[in-house]
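Asks: Here are the chains, one letter per residue:
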Amino acid sequence: MVPPVAPLPFFTRLWFAWVVFFKVLFDGVFAAKVSSPQLGEPTGEAPKLAEGDKPAPVVVEKVVEKIVEKVIEAPRPAGPPPTDAALQLLALFQREGRFVDFLEEDVASFSDADIGAAARVVHGGCRKALREHVKLEPVRGEEEGAKVTLPEVSPNEVKLTGNVQGKGPHTGVLRHRGWRAVTVQLPSAVAGHDARIVAQAEVEL
Amino acid sequence: MSEPRYVVGIDLGTTHCAVAYAPIPADDAATPPAPEMLSIPQLVAQGTIDARELLPSFFYVAHESDGAQALPWDESRTYVVGEHARARGVDAPARVIASAKSWLCHPSVDRRSAILPPGAPEDVERISPVEASWRYLEHLIEAWDHVVAKGDPDLALAKQSVVLTVPASFDASARELTTEAAYAAGLEDLTLLEEPQAAFYAWLAGKGDAWRKDVAAGDVVLVVDVGGGTSDFSVIAAVDKGGELVLERVAVGDHILLGGDNMDMLLAHIVEQKMVAEAEEAGRTLELDRWQRISLQHAARGAKEKLLGDSKAKSAQIAIAGKGSKLVGGTLRTEVTREEVQQAIVDGFFPVVDSAARPAVRARAALTQLGLPYAQDPAVTKHLAALLARHADALSAGGDAGKKGKAPKMLRPTRILFNGGVMKSALLRERVTGCIDAWLGEEGAGEARVLEGADLDLAVARGAAAYGLARRGRGVRIRGGTARAYYVGIEGAVPAVPGMEPPVTALCVAPFGMEEGTSADVAGGELGVVVGERVNFRFFGSSVRRKDAVGAAIERWKKDEIEELAPIEVDLPAEGRAKGDVVPVTLRSSVTEVGTLLLEAVPIQPKKKDERWKVELSVRGGD
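Residue numbers (numbering that gives the first Met the number 0), protein chains in the order written: chain S, 0 to 204; chain P, 0 to 622.
Bound conformation, chain S alone (with noise of 0.2 Å):
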């Protein structure tokens, strides 16, 4: 898929929209600026990410745009950190599928069905987290095993292993059909809420 001869390239609207999404939750100040009708200078303001980062290609769904609209009401101080995205993941899988207790866990001493319940926790409990907030499709449509001939290679969309060389088209045999993220629908935190507490202490009374 190569982006039509536009402004921008296709990756690129995603990868700022992405990027303006958490801009927009997080920051009031610049979210006034983007919804006031007179804008401003909001590019200039972008923050960056480390490189490295992914940009998923994601579609945000209506409402969530109308939750964070409401976020943005409420201001909350400028400049936090764009992890609360992270954190908020975290803290569902953990509460879902107590996905944070399970990585934590020493499991070198268990015997294999130990390991096995709990991962049977862990994973009724994500996977429904998963599939209740991200929408993921496969990047290629194709069975694994099949073979492929790709005219041209999306760098973000396919990675070309084995024998790497030559111009396309290349053929090869699909080991990994890839996921895409079709829609991403968050939860998102109220104002005053401490992102970095992925699950509660309890304490039983």
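If you are wondering where the hints come from, they were derived from the structure by calculation, not from laboratory data. Be careful, since some hints might not be right.
One-sided excerpt, in silico: chain P residues whose CB lies under 10 Å from chain S [as the list claims (entries may be wrong)]: (1) Gln45; (2) Ile48; (3) Gly66; (4) Ala67; (5) Ala69; (6) Ala91; (7) Pro92; (8) Ala320; (9) Lys322; (10) Val327; (11) Gly328.
By construction, the Cβ of each residue, glycine as well, lies at the ideal position given by its N, Cα and C atoms.
Using the hints, position chain P against chain S.
Replies: Same frame as chain S, now just chain P:
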């Protein structure tokens, strides 16, 4: 007031609420738009908002340690409605209200008094069943105003045309209380619709005009709605009236507090017993804590759905995590086999019974705890058999059922429409269909056909919106009117005999099938009310006596034919009359456009024109 722009269907369920909406087309002749579901923003965990199609009908009274339960539209809320409230029901059950709707139709409690959550600690401010429903509706209204209206007053939910669903089995007072909650929450343009009818409207809307291929004159549609907390049945007949096909709701079932949650609880209990036995065999002792029990119930639901949905699966694995952060060592596991599910759910709740089977009724213990009147017999099929038998003569005025000469022993459905999450299982649908076909076979009638299509979880909300459109346009409507006849009890003047109740005459004030927007004056039966005092009358309802006209005085009736409802009350203001005077009144009944029963006391000698007083339904619990 501005014209409504949307019709909004609200399913105010026992365990979940849902909202469907559709824009009102400017052109009445246009094809009605398909209703969409509203994603409802709600707290799903402490400080976390997520939008979901279902709003769990739970209410959590936050503790001071929880802090404010902020919503995007209210930062300082002290209570929670929705998913987080349900989750807190596991951690802090004493502060959570569940099944408020079942309390709303509980005739022996005062439903306007603050009694929920029952057994709450002292720092919890209790609320009434009416207020709980009001809070759920309030959340839906706020969510709509936040997501759809966004500050536009013309789009606010209060200004839209709202159809609110109630169980078909709700009596006049439960309906009245539901509208009371809706008005308190701020709704203005309101209509009530019975849930099984809503499910049928959803099916009709899904089919378009093609529904006439599936349902023709003479067909009798049985709607079987088994949800999370309640089972609700209705029968809708398609009748040829002067060449036009008319749908009529001819019978509704009793209110049965029996649903999917009971099934999950039973299965979880069986699995727990098994785990304890297994642990004992291995020389360990095992005791599940409350949290593990709830996890087990969730896991059991998953196992149930898997085994009832996939006919090839032999067993389903269950794993329950411990409460601490140690996951791997603390996880319990077991498996549920197909036989266990078959035995517990299919045979336990849907046993194969003949048409003469009736739900067992246990005598109530003398000292009943204040609680919900849960169904005493878990067999859904027995409740169904009882319903069809009770209403055997519902169609005797016309239709095919009466043609064979011999009086039918049961109402004979020719079509079945399923609704509710439980009925998603093909195995359970087959079991119900099989039972009904066997009963029809006993009667020498043909088999019933299942009406396919429709989303079993969301059909009620969607159907409510579809009905809202049908009311405005040309869509087909189901006629029905009141599902019961209503009576006021008049005690005979006889010398009191200890241990014997004075005989009561039931004076019919509203006939069965009384239509919306009609009213009737009750001839005969003059009642005396005392000025300045609240006067109570006994109130009765019958879902089977179809032929009693307004003013009919019934002196004796068969057991189970007429049931006593919460008493009604007239409170006569002293204006223009001396306090303590006895004023003779007659009653007038109307069914409002909203769908509630309105009783009024009309003085025989009015002091001014059109003088009348509203008779309050459902005033307080009588024991």
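Asks: Check each numbered hint from earlier against the structure, then list the numbers of those it violates in ascending order.
Replies: 7
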